[in-house]
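Participant: Each chain is listed here by its residues.
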Amino acid sequence: MDDPAVVVALLLVAAAATTAVAVRDPVRQALVLAVLGLALAVLFTVLQAPDVALSQLAVGSALTPLLLLLSVRKVRRRQKQETKGEPE
Amino acid sequence: MNRRVRLLMVLAGGAGLAALLVAACLDMPGFGGDRHPYGDRAVHESLARRTANTIASVNFDQRAFDTLGEMTILFGAVLGTVVLLRQTRDERRAAPRPEDVAPPVRRYALAVLPVAVLTGLYVIAHGQLSPGGGFQGGVVAATALHLLYLGADYRALERIRPVGLYEVGDALAASAYLVLGLAGVLAGTAFLANTLLPYGTFNTLTSGGTVPLLNAAIGMEVACAVVVLLARFLDQAVEIEEESGT
Numbered sequence: 001m002d003d004p005a006v007v008v009a010l011l012l013v014a015a016a017a018t019t020a021v022a023v024r025d026p027v028r029q030a031l032v033l034a035v036l037g038l039a040l041a042v043l044f045t046v047l048q049a050p051d052v053a054l055s056q057l058a059v060g061s062a063l064t065p066l067l068l069l070l071s072v073r074k075v076r077r078r079q080k081q082e083t084k085g086e087p088e
Numbered sequence: 001m002n003r004r005v006r007l008l009m010v011l012a013g014g015a016g017l018a019a020l021l022v023a024a025c026l027d028m029p030g031f032g033g034d035r036h037p038y039g040d041r042a043v044h045e046s047l048a049r050r051t052a053n054t055i056a057s058v059n060f061d062q063r064a065f066d067t068l069g070e071m072t073i074l075f076g077a078v079l080g081t082v083v084l085l086r087q088t089r090d091e092r093r094a095a096p097r098p099e100d101v102a103p104p105v106r107r108y109a110l111a112v113l114p115v116a117v118l119t120g121l122y123v124i125a126h127g128q129l130s131p132g133g134g135f136q137g138g139v140v141a142a143t144a145l146h147l148l149y150l151g152a153d154y155r156a157l158e159r160i161r162p163v164g165l166y167e168v169g170d171a172l173a174a175s176a177y178l179v180l181g182l183a184g185v186l187a188g189t190a191f192l193a194n195t196l197l198p199y200g201t202f203n204t205l206t207s208g209g210t211v212p213l214l215n216a217a218i219g220m221e222v223a224c225a226v227v228v229l230l231a232r233f234l235d236q237a238v239e240i241e242e243e244s245g246t
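Chains as they are written, first to last, in the UniProt record's numbering: chain A, 1 to 88; chain B, 1 to 246.
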C-alpha cells in the first residue's frame with residue numbers, strides 16, 4: 001500500500017465511482033462510467049494485471065457506455081413519438 | 001411480509017455477510033507480499049508447456065473448462081438479447097435517414113478504424129505471448145468496426161456488417177472450442193487436455209500446443225458476439241419504430 005501510484009489509482013477509482021453514483025442523468029452517467037473504466041484500467045495496470053486492465057478498458061470504457069447510450073436513445077425516441085402523436 | 005420484517009431480514013443477512021467478510025479479510029495475506037503459492041505453480045506449469053503468457057495458459061490450458069463456461073455464458077446472453085430485441089409484430093422498420101457528420105469526426109473515425117481493427121486482431125493473435133487474448137482483442141475489433149457508424153452513418157455500417165454472417169461465425173467459433181476439447185478426448189487423454197499438439201518453441205506464435213487455437217476460437221466468438229449484440233441494440237435505437245395509431 002506504500003506505493004504512491006497505487007494510492008493515486010485507488011483515489012481515482014473512488015472519485016470516479018462516487019461521481020457515477022451521484023450523477024443522475026443516464027447520458028452523463030454513461031460518460032462517467034467510461035472514465036471509471038479508465039481509472040480501473042490504470043489501477044489494474046499499476047497492480048501488474050495488464051490482462052485484466054485490457055478487458056476492463058475494452059468492456060468498461062467502450063462497450064458498456066455504448067450499450068447504455070443506445071438504450072437511452074431508444075427510450076427518448078419512443079417518448080418523442082408518443083408526444084408527437086400520429087405522424088401520418 | 002411487511003416493511004419491518006423485510007428490513008430486519010436485510011439487516012440480519014447484511015450483518016452475517018459483513019461478519020464473514022471481516023473474518024475472511026483478517027486471514028488474508030498482506031497486500032503486495034512476495035509469497036504467491038498459486039502464482040508460482042501456475043508460472044511453472046505454463047513454462048513447462050512453453051506458453052509465454054501465463055494468463056493465457058491459465059485460461060486456455062489449466063482452466064480451459066472454466067473458459068468454456070464463460071464462453072457459454074456470453075453465447076447465452078447474446079442469444080437472449082437477440083430474442084428479446086427482435087422486431088415484434090407491432091413494430092416496423094424505418095430506413096434511417098443519412099446524417100451529416102462533422103468533417104473532423106469523420107476524418108478521425110475513418111483514420112482510426114483500420115488501426116483499431118488491426119490492434120484488436122494483433123491482441124487476439126498474440127494472446128499466448130503478451131497481455132491480452134481472445135476476449136480483449138475480440139471486444140476491441142468488434143467495437144472498432146462501429147467507428148464507421150460515428151464516421152459515416154448506419155447504412156454504411158450495415159453494408160460492411162452482414163449480421164447473419166456474424167451469427168454463423170459466433171456459433172462456429174463456439175463449436176470450434178467444443179470440438180478442440182473433444183479432440184482431446186479422442187486422442188486418449190481428457191476433455192480440453194493440452195496434449196494434442198507439440199508445444200513448439202517458447203515465445204513464438206505457434207507455441208503452447210492447443211492454447212493459440214483455443215485463444216483464436218474465443219477471439220472469433222467474442223468478436224462475433226459483440227457485433228451481434230451491438231447490431232440488435234443499434235437496430236432498436238435507429239431503425240425499429242413502434243407502429244403508431246393502433
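Treat the hints loosely; a few may be bogus.
As the list claims (entries may be wrong) - Label-pair restraints from in silico Cβ distances:
id, chain 1, residue 1, chain 2, residue 2, range
1, B, R92, A, V59, 24 to 34 Å
2, B, V185, A, A49, 47 to 57 Å
3, A, A49, B, A77, 56 to 66 Å
4, B, P37, A, V59, 39 to 49 Å
5, B, D40, A, V6, 15 to 25 Å
6, A, A15, B, M9, 45 to 55 Å
7, B, V10, A, V6, 25 to 35 Å
8, B, P162, A, A49, 30 to 40 Å
9, B, A187, A, A49, 57 to 67 Å
10, B, V10, A, L11, 47 to 57 Å
11, A, K80, B, G39, 29 to 39 Å
It should be emphasised that the hints constitute simulated quantities derived from the structure, not laboratory data.
Where a beta carbon is used, it is the ideal one built from N, C-alpha and C, also for glycine.
Participant: Hints first: check each against the structure and report whether it holds.
Facilitator: Hint by hint, here is what the structure shows:
For the hinted restraint 24 to 34 Å between R92 (chain B) and V59 (chain A), the CB-CB distance of approximately 33 Å keeps it satisfied. Our hint of 47 to 57 Å for V185 (chain B) and A49 (chain A) is violated, since their Cβ atoms are close to 33 Å apart. With their beta carbons about 24 Å apart, A49 (chain A) and A77 (chain B) fall outside the hinted range of 56 to 66 Å. Here the CB-CB span from P37 (chain B) to V59 (chain A) is close to 30 Å, at odds with the stated 39 to 49 Å.
The given range of 15 to 25 Å is respected by D40 (chain B) and V6 (chain A), whose C-beta atoms sit roughly 22 Å from each other. Our hint of 45 to 55 Å for A15 (chain A) and M9 (chain B) is violated, since their Cβ atoms are close to 34 Å apart. Between V10 (chain B) and V6 (chain A), the C-beta spacing of about 34 Å keeps the proposed range 25 to 35 Å intact. The hinted window of 30 to 40 Å between P162 (chain B) and A49 (chain A) holds, with their beta carbons roughly 37 Å apart.
Taking the beta carbon of each, A187 (chain B) and A49 (chain A) are about 34 Å apart, not inside 57 to 67 Å as hinted. Distance hint check: the CB atoms of V10 (chain B) and L11 (chain A) are about 30 Å apart, inconsistent with the given range 47 to 57 Å. For the hinted restraint 29 to 39 Å between K80 (chain A) and G39 (chain B), the CB-CB distance of approximately 54 Å leaves it violated.
Consistency note: the structure conflicts with the earlier hints numbered 2, 3, 4, 6, 9, 10, 11.
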